[in-house]
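If you read the sequences in order, they're chains A and B. Here the first sequence is numbered in the working numbering, starting from 122 and rising by one per residue. Here the second sequence is numbered in the working numbering, starting from 20 and rising by one per residue.
None of these hints come from the bench; they were simulated from the model. Among the hints, erroneous ones may be present.
Said to hold, decoys possible - A few chain B residues that face chain A, going by a derived Cβ cut-off under 8 Å, partial list only: (1) Tyr127; (2) Gly132; (3) Tyr157; (4) Lys237; (5) Tyr273.
All C-beta atoms in this analysis are idealised placements derived from N, C-alpha and C, irrespective of residue type, glycine included.
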Amino acid sequence: MIARRSLIALSAGLVMSAGLGLPSWAEETFKVGLILPMTGPFASTGRQVEAGVKAYIAAHGDTVAGKKIELVVRDDAGTADQTRRIAQELIVNEKVNTLAGFGLTPLALSVAPVITQAKVPAVVMAAATSSITQASEYFIRTSGTLPQYSVPVATWAHENNITKVVTLVTDYGPGIDAETWFTKEFKAKGGEVVEAVRVPLQNPDFAPFLQRVRDAKPDAVFVFLPSGVGSLFMKQFVDRGLAEAGIKLIGTGDITDDDILNGMGKPALGTITAHFYAAAHDSPENAAFVKAFKDANKDMRPNFMAMGGYDGMHAIYAALEATKGDADGAALIKAMKGLAWTSPRGPISIDPETRDIIQNIYMREVKDVNGELQNVEFKTFKDVKDPVKSGQ
Amino acid sequence: MLTILFDGIAYGMLLFILACGLTITLGLMNVINLAHGAFAMAGGYITVVLMNSYGVSFYWCLPIAFLAVGLAGLVLERLLYRHLYSKPHLDQVLFSVGLVFMSVAGAYYFMGGQQQMIQLPQELSGRWDLYGVGIGRYRLFIVLVCVLLTIVLQLLLTKTRFGSQLRAAVDDGRVARGLGINVSAVFALTFAVGSGLAGLGGAMGTEILGLDPNFPLKFMIYFLIVVTVGGTSSITGPFLAALLLGIADVAGKYYVPQIGAFVIYGVMVVVLLLRPHGLFSREGGR
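Bound conformation, chain A alone (with noise of 0.2 Å):
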């Protein structure tokens, strides 16, 4: 126990000096500390995060206002204790300017208080629980948040006669907020949810949960399950025959990620979803990223998250441009605030005040374009806040 305080309390002093007296080589390099699950259960995530990263960094070059830029990628395996840990061994010892990356909520949460303490910034590239950002005035986020897409997908529902809709989420943060936010839309439009099922996040199974909607008859589902389950997930609904008793399968885009929806086959077909990224994404900034993503990972197409650590890199890149060069843990995060620019995914900001991403939430249905599997793009809300933080 001593021996731990002594260390923080060592670590936070090398933190401050850090800030103090400059080794000369640090004005030259800009170092960004870029922690996700390489291995574990999540190892996709990061995956596609890291991928997202590099494709950046190789189409706009490794130089930024006269600074080099390095990337120091560290594997937390998807523990909370070994994010924290990293983190603070990257600001203490490699010296790093900002961190990047967290795949998941807990994952990112659990280095709030060593961001504030140091100043350093974090870019939030995957983790989409609400309520992140507002853990640490240095977090700002290039992902999403559940409630985000969440909306628009109960919006979605009432204008298409869906009155009647079962919920079934995973039983953790993002679940929770995509149930919540989900329900209060839902509900507010006059619509009834008559079920709101949680599967347990370590589930081998889906059919009593499957079954449970089946027997309450609703009009829809509506779905929120990290990615990776969702195509368990869709196979077993229509083994089970909830498409032709006339049950919708609507829900957020993680169920039809974009890495595994082409091995899905046909069951994922018709399912309609809301996301903010979508590799099908007709625009030529979009095209350029999906031919360069793939270019530099063979067998891979990119999904939102490796959207989010591509849009994270611009983030850093712009603010450190802005700044013109000053590392600054406070001045690189107030340059953040309030940029704006044209993404793959479309028009985005973040928002100065929350310091959460602006974006337009695109509605889509899963067709088969060409011999592949995509999220067809139909319907746009534009310009969607985190309904959480806009105090709806």
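For this one, chain A is given, so just place chain B on it according to the hints.
Okay, now just chain B, sitting in the frame of chain A:
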């Protein structure tokens, strides 16, 4: 609700196919092989690669997965496990857990971290509605395979010469050797069959349980629950335990979803309180 009952049975049967190999190695050979899930995962990946890259039919993949993983088990037994039979259980646990981590890293390196998917043949997808009971075709297939497997294993152990040799070799290796039984060959073959069964379970489970590099860790607990609740002295014990646990798990999640995930553990606790050696174990046995 009969649909739930059927789903529970099918799920239980899947657990049984996955765990019965462990019953054989753990119960009959007295080796604590926590790497059982790694063999199951190997079966799953073999199926995925064969089906997706070479277009092999799903039906062929099942025996291939069984044989290939069985063969791998045989090789590993000769190279590594053989030396563990005389070692304390703690060594066996540590060794096999190490093997699990190696297999997780290996699967991640070669296949990537994403979920693997297969497309079942048309006739196995979808379901029938029989008098209001929904019967998933693939689930029915699992039940049939499992029943067949149980009968074959039971006969193999109790009615054949190999079965008696195995039981003799387990109970007293020295005497068995004296009687002219090739104990080490019997063990090698048994271990191969146990691993092969894991491979088969992995191949069949891919569709329902999913397949990613964490498979061995994710399902280790379920295998162990089935084997502890069923006892390790027979095939019928784990069979009935798997049925009980499968039905309890599915029904629990359907009727009381708030606590559904814990029902399976609850059942295990109750059974072990009443019968500490498992449902069908000889009292005072190992």
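Run the structure past the numbered hints and jot down the numbers of the failing ones, going up.
Violated hints: none at all, because every hint is consistent with the structure.
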